[in-house]
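There are 2 protein chains.
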Amino acid sequence: MTDYIGIDFGGTNIKIGCFNSDMKLLWKTSIPTDADMGPQIVVDRMVETIKTAASKNNTPLETIKAVGIGAPGPAKYTQGILIRCANLPKFTNTPISKMLSDSLGKPVILDNDANAACLGEFVAGAGKNIKNMVFFTLGTGIGSGIISDGKLLHGSGDNAAELGHTIVNINGRQCNCGQKGCSEAYASASHTAARAAEAIEKGEESSLKDVLKKKGKITCKDVFEHSGKGDKLAKRITEETAEVLGVLCVNALHFSEPEKIVFAGGMIAAGKPLLDRIKYYFNQHIWKIKKEDTLEICFATIGEDAGIIGAAALAKESARI
Amino acid sequence: MTDYIGIDFGGTNIKIGCFNSDMKLLWKTSIPTDADMGPQIVVDRMVETIKTAASKNNTPLETIKAVGIGAPGPAKYTQGILIRCANLPKFTNTPISKMLSDSLGKPVILDNDANAACLGEFVAGAGKNIKNMVFFTLGTGIGSGIISDGKLLHGSGDNAAELGHTIVNINGRQCNCGQKGCSEAYASASHTAARAAEAIEKGEESSLKDVLKKKGKITCKDVFEHSGKGDKLAKRITEETAEVLGVLCVNALHFSEPEKIVFAGGMIAAGKPLLDRIKYYFNQHIWKIKKEDTLEICFATIGEDAGIIGAAALAKESARI
Chain A
1 MTDYIGIDFG GTNIKIGCFN SDMKLLWKTS IPTDADMGPQ IVVDRMVETI
51 KTAASKNNTP LETIKAVGIG APGPAKYTQG ILIRCANLPK FTNTPISKML
101 SDSLGKPVIL DNDANAACLG EFVAGAGKNI KNMVFFTLGT GIGSGIISDG
151 KLLHGSGDNA AELGHTIVNI NGRQCNCGQK GCSEAYASAS HTAARAAEAI
201 EKGEESSLKD VLKKKGKITC KDVFEHSGKG DKLAKRITEE TAEVLGVLCV
251 NALHFSEPEK IVFAGGMIAA GKPLLDRIKY YFNQHIWKIK KEDTLEICFA
301 TIGEDAGIIG AAALAKESAR I
Chain B
1 MTDYIGIDFG GTNIKIGCFN SDMKLLWKTS IPTDADMGPQ IVVDRMVETI
51 KTAASKNNTP LETIKAVGIG APGPAKYTQG ILIRCANLPK FTNTPISKML
101 SDSLGKPVIL DNDANAACLG EFVAGAGKNI KNMVFFTLGT GIGSGIISDG
151 KLLHGSGDNA AELGHTIVNI NGRQCNCGQK GCSEAYASAS HTAARAAEAI
201 EKGEESSLKD VLKKKGKITC KDVFEHSGKG DKLAKRITEE TAEVLGVLCV
251 NALHFSEPEK IVFAGGMIAA GKPLLDRIKY YFNQHIWKIK KEDTLEICFA
301 TIGEDAGIIG AAALAKESAR I
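Going down the list, the sequences are from chains A and B.
Note that the numbering used here has the first sequence beginning at 1, numbered continuously upward.
Note that the numbering used here has the second sequence beginning at 1, numbered continuously upward.
These aren't lab readings, by the way, just hints derived from the structure by calculation.
Where hints are given, some of them may not hold.
Unchecked claim - No more than 25 angstroms apart at the CA atoms, straight line, and that leaves these computed lysine to any residue pairs for SDA-like:
#	chain 1	residue 1	chain 2	residue 2
1	A	65	A	101
2	B	180	A	289
3	A	131	B	49
4	B	279	A	176
5	A	214	A	180
6	B	128	A	78
7	B	98	B	180
What the hints assert, rightly or not - From chain B, some residues computed to sit far from chain A (all C-beta separations above 12 angstroms):
#	residue
8	106
9	216
10	233
11	236
12	305
Unchecked claim - To give an idea of the chain A side of the interface with chain B (calculated C-beta under 8 angstroms), a few residues:
#	residue
13	25
14	29
15	148
16	159
17	166
18	170
19	251
20	259
21	288
22	289
Since we're looking at a predicted model, the values are computed, not measured.
Even glycine gets a Cβ: it sits at the ideal position worked out from N, Cα and C.
Input sequences plus hints: build the corresponding full structure.
So, in structure tokens, the structure goes:
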């Protein structure tokens with residue numbers, strides 16, 4: 001029987017999962033977001049899907065205790081209101097929690113998508129059996145979440161854990177956020193690709209030149225692939241990305257001292273070679289006055305279900321209060 | 001009547017304060033540490049002082065509920081053991097909590113001195129009535145503490161909140177800790193002075209040259225004073241210190257999103273001119289996608305009593321558990 005519903009609300013797809021009281025995933029589905037239809041229609045479709053899901057699990061709607069949603073920010077999470085999402089323009093100032101709650105008659109809790117994925121990894125993945133964790137999703141940007149003493153760290157206005165925008169190189173490379181020298185401005189997938197493209201435009205030789213010519217753009221995957229094949233420029237860009245991520249781990253350790261730092265997101269498809277270089281640079285940059293023998297840097301283990309698991313964990317936590 | 005004892009255990013002096021259940025300071029004293037006498041004698045003198053303090057407040061020793069100590073790290077705080085303090089060589093691996101507890105028959109709780117001062121400011125100073133705060137002490141090094149959702153953030157091994165060693169300039173200036181580009185390597189009092197001395201040694205012109213000649217060294221205070229008088233080099237060094245502290249505030253905001261960032265320590269004697277420049281650089285470096293109208297950057301308000309107040313607050317918290 002379904003106790004909790006976890007929703008991973010994305011710009012392209014909405015993933016919905018049904019969980020029992022032990023947080024076992026009973027059933028899941030994914031529907032297109034069709035964000036252009038506007039908030040009411042999208043919410044109605046979510047409600048329909050939840051009702052279908054409940055019936056598939058022989059669960060009377062009444063027995064569902066709470067619903068959790070992970071959504072892109074910025075948002076007023078404690079109030080359950082999406083402020084403005086780049087990929088969801090019609091959802092500006094949408095009280096999504098209240099809309100869902102009114103339709104379902106259930107408590108609905110909203111959090112940042114990176115926080116939800118972080119919590120998912122924490123309860124069911126790489127973070128099992130620890131109490132302090134820092135989580136990074138490496139994609140277009142660098143999302144992050146912090147678990148401190150077993151709980152998500154939210155900050156005074158629900159916008160803590162924006163580690164992608166901590167500055168690692170004062171007055172360095174321009175970031176999309178307006179700051180200079182953010183870790184994201186070097187080490188996200190899009191900035192890794194952009195740094196390669198910029199170097200080529202400046203005249204550097206690289207096997208990526210042909211890719212740029214053929215496809216009109218370079219992806220982070222291209223950079224990593226050509227690095228693996230020995231291209232000098234691609235290798236330098238890849239090393240710089242790993243170095244910034246290593247420094248980000250140093251800073252995360254000095255902030256909240258987690259037992260584990262967990263990387264997730266599209267970029268970790270690069271696998272062990274990337275993880276090994278991040279660890280290498282962490283060890284290069286970390287202080288020498290204390291031996292850091294307790295921190296583990298690793299990849300996420302539960303993949304794309306982290307979002308719905310984390311959202312359901314939020315629901316479970318809120319239902320307990 | 002005294003309910004809690006707060007001890008600020010320093011390399012030179014030990015400050016001891018008596019507090020009632022409302023955390024009102026009833027009596028305080030300071031005794032020389034005389035660290036060379038070794039742990040047992042020092043602890044015996046602390047016990048004597050606590051007994052004297054209790055009698056001065058007409059407090060039978062039995063009514064004291066708990067004792068808190070703030071001491072320099074690194075230490076195993078939860079176990080109450082000092083590992084090694086630079087200024088207390090005879091206190092290596094000293095189980096100070098157990099020694100005091102055995103003598104007094106009271107629970108004794110140990111924490112980092114920066115954490116204790118942070119908690120002191122939080123309960124009785126600049127942090128009153130908020131729930132999230134980041135605290136910096138600007139002295140020889142940069143100490144720090146983080147209050148998240150009303151509680152000190154300790155991390156997995158009691159060594160969280162080492163923000164002075166977060167890297168703001170990848171592969172930048174060498175720090176004493178072994179890392180490169182730490183905020184402390186630029187913006188602590190000693191590194192501010194060192195940067196000025198290095199610039200003069202490289203041949204830069206400055207009114208600080210005479211100070212170096214006369215005193216054989218430059219202090220941070222000298223740099224700030226000569227900056228105020230218009231010396232170009234001193235001004236540049238002062239601005240760089242303020243800029244790094246501004247960036248440290250940006251990073252602290254993106255980590256734990258405090259309502260307030262509070263600066264304490266010897267360096268804040270520089271007053272409003274320094275605070276204004278830190279705020280200026282914070283505003284220069286902070287992102288533009290979200291207006292940061294809620295964060296307040298300010299100086300600590302309770303001065304040198306923060307250590308004993310915070311230590312007593314630790315005692316009160318531990319007694320409640």
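Violating hint indices (sorted, rising): 3, 5, 7, 13, 14
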